[in-house]
Structure formats: C-alpha cells, structure tokens
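Undergrad: One letter stands for each residue in the lines below.
2 protein chains.
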Amino acid sequence: MIAKTPKPPYYAVIFSSLRTENESDYHEIGALMVELAKKQQGFLGIESARNDLGVTVSYWSDLEAIKSWKNNTEHRLARERGRKEWYRSFKVRIAKVERDYGTEIN
Amino acid sequence: MIAKTPKPPYYAVIFSSLRTENESDYHEIGALMVELAKKQQGFLGIESARNDLGVTVSYWSDLEAIKSWKNNTEHRLARERGRKEWYRSFKVRIAKVERDYGTEIN
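In order, the protein sequences belong to chains A and B.
The first sequence runs 905 to 1010 under the numbering used here.
The second sequence runs 905 to 1010 under the numbering used here.
Heads up, some of the hints might be wrong.
For chains that are exact copies, the list does not tell them apart, and a pair is met inside one copy or across any two.
Under the rule of at most 20 Å between Cα atoms (straight-line distance), these lysine to aspartate or glutamate pairs were calculated in the DMTMM-like manner [to be verified]:
| # | residue 1 | residue 2 |
| --- | --- | --- |
| 1 | K974 | E989 |
| 2 | K974 | D1004 |
| 3 | K1000 | D966 |
| 4 | K971 | D1004 |
| 5 | K1000 | E932 |
| 6 | K911 | E968 |
| 7 | K1000 | E968 |
Simulated from the structure, these hints should not be mistaken for lab results.
The shape of chain A in the complex, shown without the other chains:
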C-alpha cells in the first residue's frame, strides 16, 4: 500500500480535499479513476487516506505524464464533477521528489 517508486527524481501530485456530503457516484468514479491512472504511461503509484481531510498522492515519472493524465477525457469529466459535487475545497500541488528513504517491507 506504500507505493513502490523508483529512485528519484520523479514527481508527486498531492491532492488535498474536503468533501461535501454528496456521495453520488463518488466511490465508483474514484475507483475508476485509480484504475485508469494505473494504465497511463509514467504512472508510478498512488497513496490515499481520508478522515475529514483527504490526502491522495500519485507518483509520476515526469511532468509530461502528469499533463497527459490531466488531459485525459474521463479524468477531465471526473474532475468537473468533483469540483461541482464532491469537494467543498481542494488543493493540488505538483512536486518533484528529490530524495526518499524508508523501510523496504510493506
């Protein structure tokens, strides 16, 4: 469940959000977007947790991969519903991972 990413450098997209109470299609489309992201070139992994605040970090090989995923039609439509229906507030941060360390076992 901790993403097994390659040696840096690579990129992280940090998506932080607060939800509305609207559950309509939220879990279904969320799961679909994860499946779709996994198929994108340059996708390296994803980590996600939610209490009140949700923090989802996806990892990508480079900015080009992030841009392609951002332009994916299904992803665009999902983000539009997200902004209108599911998220009260959100922030996206695009960051270049320069260094990492930790335990090897998952």
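Position chain B against the provided structure of chain A, taking the given hints into account.
TA: Okay, now just chain B, sitting in the frame of chain A:
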C-alpha cells in the same frame, strides 16, 4: 485543514506509513511533534489522514528548514520510537513543490 501555503516554490515532506498495533504514547507524541513542528522556522503547514495507510504531508520553506527539523532532538527521539514501536513500514519523500492550484475556501 488544507494547509494555506505561500506561492511555490516551497518543499513538501511526504510521510507514508503503515502502523503496528502498538499505541503506547503514539497519539500523545504525535500531537507533541505537530506542536513542535509548528514552532520551527520555515514550517508552512501540515496535512494528515490515516486509514490503514497514513499519509502526512508537511510543508516547509526550504531544505534548510527540513534539515533543522530533522536534527531537532525531540523529533529524533520520536522518530526512533516510531521506527521501533509504531510503524511497520514507512517511506519519506522530500519534494519541491513547483506549482499549485485549487479552491480558496477551506
């Protein structure tokens, strides 16, 4: 609860972890570390969520601020207990936030 960070560039430390079942002092020291981090020069904010996986992202002005916090004695002792007692597995990623966007309301 979504961190109000300044305009990029700034840094993110992404801490991803899986817990053991050892609860001894975990919440107390965790809360203490957040309070202590907030007092460090260059600290910009923190976002955290946990289900099975925990994802905590702290934001910092620069690498020097991250290094100072890493060398803080109380933080060192807490990390040592974390490795021995609280975390089955973890990963730390240090990343430079190059771009961010989102809603303004929290």
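Undergrad: Now look at each hint and say whether the structure bears it out.
TA: Hint check:
1. Proximity of K974 to E989 under the C-alpha cut-off of 20 Å is restricted to the intra-copy arrangement: shortest distance 19 Å within a copy versus 40 Å between copies.
2. Taking the shortest Cα distances, K974 and D1004 sit within 20 Å of each other only across copies (14 Å), while inside one copy they are farther apart (25 Å).
3. Taking the shortest Cα distances, K1000 and D966 sit within 20 Å of each other both inside one copy (9 Å) and across copies (13 Å).
4. When the C-alpha separation of K971 and D1004 is checked against a cutoff of 20 Å, the pair qualifies only between copies, where the shortest distance is 14 Å, while the shortest distance within a copy is 23 Å.
5. In the homo-oligomer, the alpha carbons of K1000 and E932 never lie at most 20 Å apart, since the shortest distance is 30 Å inside one protomer and 32 Å across protomers.
6. For the homomeric pair K911 and E968, the shortest alpha-carbon distance inside one copy (18 Å) is at most 20 Å, but the shortest distance between copies (22 Å) is not.
7. In the homo-oligomer, the alpha carbons of K1000 and E968 lie at most 20 Å apart both inside one protomer (13 Å) and across protomers (17 Å), since each shortest distance falls under that limit.
The structure is inconsistent with hint 5 alone, although it conforms to all the rest.
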